[in-house]
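Asks: Please model the entire structure based on the sequences and the hints provided.
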Amino acid sequence: MDAKLVNPFIDAFMAVMPQIGFPTPKRTKVYLQDKNAVSRGVVVMVGFTKQMRGNVVYNMSEDTAKFIASTMMMGMPVAEFDAMAQSAISEMSNMLSANAATNLTQMELEVDISTPSLTIGEGFSVKISESQYLTVEMDLGGHPIDIAIAVDRNL
Amino acid sequence: MIVDDSKVSRAILSNHLSKTNFEVVAMAKDAAEALELYKEHNPELVTMDMNLPDADGIECSRRIKAIDPDAKIVMISAMKDANLVSQGTAAGIGAFLQKPVSTNDIIDTLMMMCQQKVSRVAVLRESYAKAFVRALRQGILRIIDLKLEPTLELYDKKYLEVNGIAVIIGLTGTPTGRAIMYMTKETMKGFASKMMGTDEVTDDEANDAVEETANIIIGRGVSNINDVFKDKEMRITPPGTICGAGIRVASPKLTTFKITATTDFGDICMNVGFAEGD
Chain A
325 MDAKLVNPFI
335 DAFMAVMPQI
345 GFPTPKRTKV
355 YLQDKNAVSR
365 GVVVMVGFTK
375 QMRGNVVYNM
385 SEDTAKFIAS
395 TMMMGMPVAE
405 FDAMAQSAIS
415 EMSNMLSANA
425 ATNLTQMELE
435 VDISTPSLTI
445 GEGFSVKISE
455 SQYLTVEMDL
465 GGHPIDIAIA
475 VDRNL
Chain B
25 MIVDDSKVSR
35 AILSNHLSKT
45 NFEVVAMAKD
55 AAEALELYKE
65 HNPELVTMDM
75 NLPDADGIEC
85 SRRIKAIDPD
95 AKIVMISAMK
105 DANLVSQGTA
115 AGIGAFLQKP
125 VSTNDIIDTL
135 MMMCQQKVSR
145 VAVLRESYAK
155 AFVRALRQGI
165 LRIIDLKLEP
175 TLELYDKKYL
185 EVNGIAVIIG
195 LTGTPTGRAI
205 MYMTKETMKG
215 FASKMMGTDE
225 VTDDEANDAV
235 EETANIIIGR
245 GVSNINDVFK
255 DKEMRITPPG
265 TICGAGIRVA
275 SPKLTTFKIT
285 ATTDFGDICM
295 NVGFAEGD
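Residue numbers (the numbering used here), protein chains in the order written: chain A, 325 to 479; chain B, 25 to 302.
Note that these hints are calculated values from the structure, not bench results. Given the structure is predicted, the values throughout are model-derived calculations rather than measurements. Possibly wrong hints are sitting among the right ones.
[Stated by the list, open to error] Okay, the calculated bits of chain B under chain A, using three or more residues with CB under 8 Å as the criterion:
1) 253-261
2) 268-275
[Said to hold, decoys possible] Simulated crosslink set (BS3-like; lysine-lysine; CA at most 25 Å straight-line):
3) Lys209/B x Lys359/A
4) Lys53/B x Lys89/B
5) Lys451/A x Lys218/B
[Unchecked claim] Some chain A residues close to chain B (C-beta under 7 Å, calculated; not the full set):
6) Met369
7) Arg377
8) Gly378
9) Asn379
10) Gln410
11) Ser414
12) Asp436
13) Ser441
14) Gly445
We put the beta carbon where it would ideally sit given N, CA and C, even for glycine.
Replies: Here is the structure:
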């Protein structure tokens, strides 16, 4: 895949997360992956169509998901990863993907995004590509999130 | 039932309707035939042309209403003006469309006529979820030569439980959403054996078989929708496949439907969900 397509996703993360309560997101690792990803607990998949096709997966532990949901809801305690917390994580994934889509239009790529699919469970395997793809590990105040990006131009 | 004196108009209309879940039970070329066929078939809905050789559409509607006060009639005519609408409404015509009509307009109108209160869920079920039921039936018939009648139900549980494999494909366009094909590991093996014609199937091959099948069937479902709604431009994303036990798929803010096709090697299930507010 084209490594240039990764930056719009990293930029989106850096731009959106401070707006929803995480002032200093950090990029900790970027690596190529050719095996299936393994769920950390909560996996959100968002699909892309039109001039770029593929999937992007946000993979985090349930603790991280609860931490993010709580922060997004102005510090409201989130004991269970319940419907409201799921909705918050789904919304975050949507914002990140929509923001990345806007960044992609600046590269003259028109894209459409699907509804996020949120799956819960630890250790299940996630296959989003037949070939190699990039995973970016981000850090939110000590909480890691993997963004697996398997997209290709479709011109 | 279609009432129209023009053979071409009847053909166009029945062609529109053939792409939907409405079935044309009778076609009449004049008012006399319309009355006769109405009594014979007692159709759920009537489309009525204005110009008929033996009476106008309003008079014909009046006569139908006389035999069945609950008759649901929509006028589809070349002309549509205030006078016609007020006279028609007085005769009991429920809706007015102007020729040429789009399949879209027809479906929306007929759906509304069919239900006292057309709910969003009903529209999603009839126009969208059923397109995937047809796709699943056609797909399984073509791929493993099994004739099945999949069932469709609104799915309102908090989670979809997956033990085995789930292929998730995003839907973009209007509405956005996602479609999932899922089954147990045993069913996956059984399915892949049938598809490949051998019992010697590895886990990877079985995964690929289900992924490819999901791609074909969900793609076909979306084509079924696009055939009817020319302006929705629905597309599918590449598949994402998850495997494991005790996986829960949450669907916040989605209206979802479960489609089940029962086979002797287990249930082949689908869950299609559409975003709220589209």
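Asks: Would you mind marking each hint as holding or not holding in the structure?
Replies: To see whether the hints hold, each was checked on the structure:
1. Here's how the segment 253-261 of chain B fares: 3 of its residues keep a CB closer than 8 Å to some CB of chain A, so the rule of at least three is met and the hint holds.
2. For the segment 268-275 of chain B, the stated coverage by chain A is satisfied: 8 residues place a CB nearer than 8 Å to a CB of that chain, which reaches the threshold of 3.
3. For the suggested pair Lys209/B and Lys359/A, the alpha carbons sit about 20 Å apart, so the restraint of at most 25 Å is met.
4. At most 25 Å may separate the alpha-carbon atoms for a hinted pair to count; Lys53/B and Lys89/B meet this at roughly 18 Å.
5. Pair hint Lys451/A plus Lys218/B holds up; C-alpha atoms about 24 Å apart against a cutoff of 25 Å.
6. For the restraint placing Met369/A at the interface with chain B, the shortest Cβ-Cβ distance is roughly 5 Å, inside the 7 Å limit, so the hint holds.
7. Because the beta carbon of Arg377/A sits about 6 Å from the nearest beta carbon in chain B, less than 7 Å, this interface hint is met.
8. Nearest Cβ of chain B to the Cβ of Gly378/A: about 6 Å, under the 7 Å cut. The hint holds.
9. Of the supplied interface hints, the one on Asn379/A holds, with its beta-carbon coming within about 5 Å of a beta-carbon of chain B, less than 7 Å.
10. A cut of 7 Å between beta carbons decides the hint on Gln410/A: the least distance to chain B is about 5 Å, and the hint holds.
11. The interface hint given for Ser414/A holds, since its Cβ lies 5 Å from the closest Cβ of chain B, which is under the 7 Å cut-off.
12. With 7 Å as the threshold, the beta carbon of Asp436/A comes within range of chain B, its nearest partner Cβ sitting at about 4 Å, so the hint holds.
13. A distance limit of 7 Å between C-beta atoms decides the matter here; for Ser441/A the minimum to chain B is near 5 Å, and the interface restraint holds.
14. The closest approach between the C-beta of Gly445/A and any C-beta of chain B is roughly 4 Å, which is under the 7 Å cut-off, so the hint is satisfied.
In this structure, none of the earlier numbered hints is contradicted; all agree with it.
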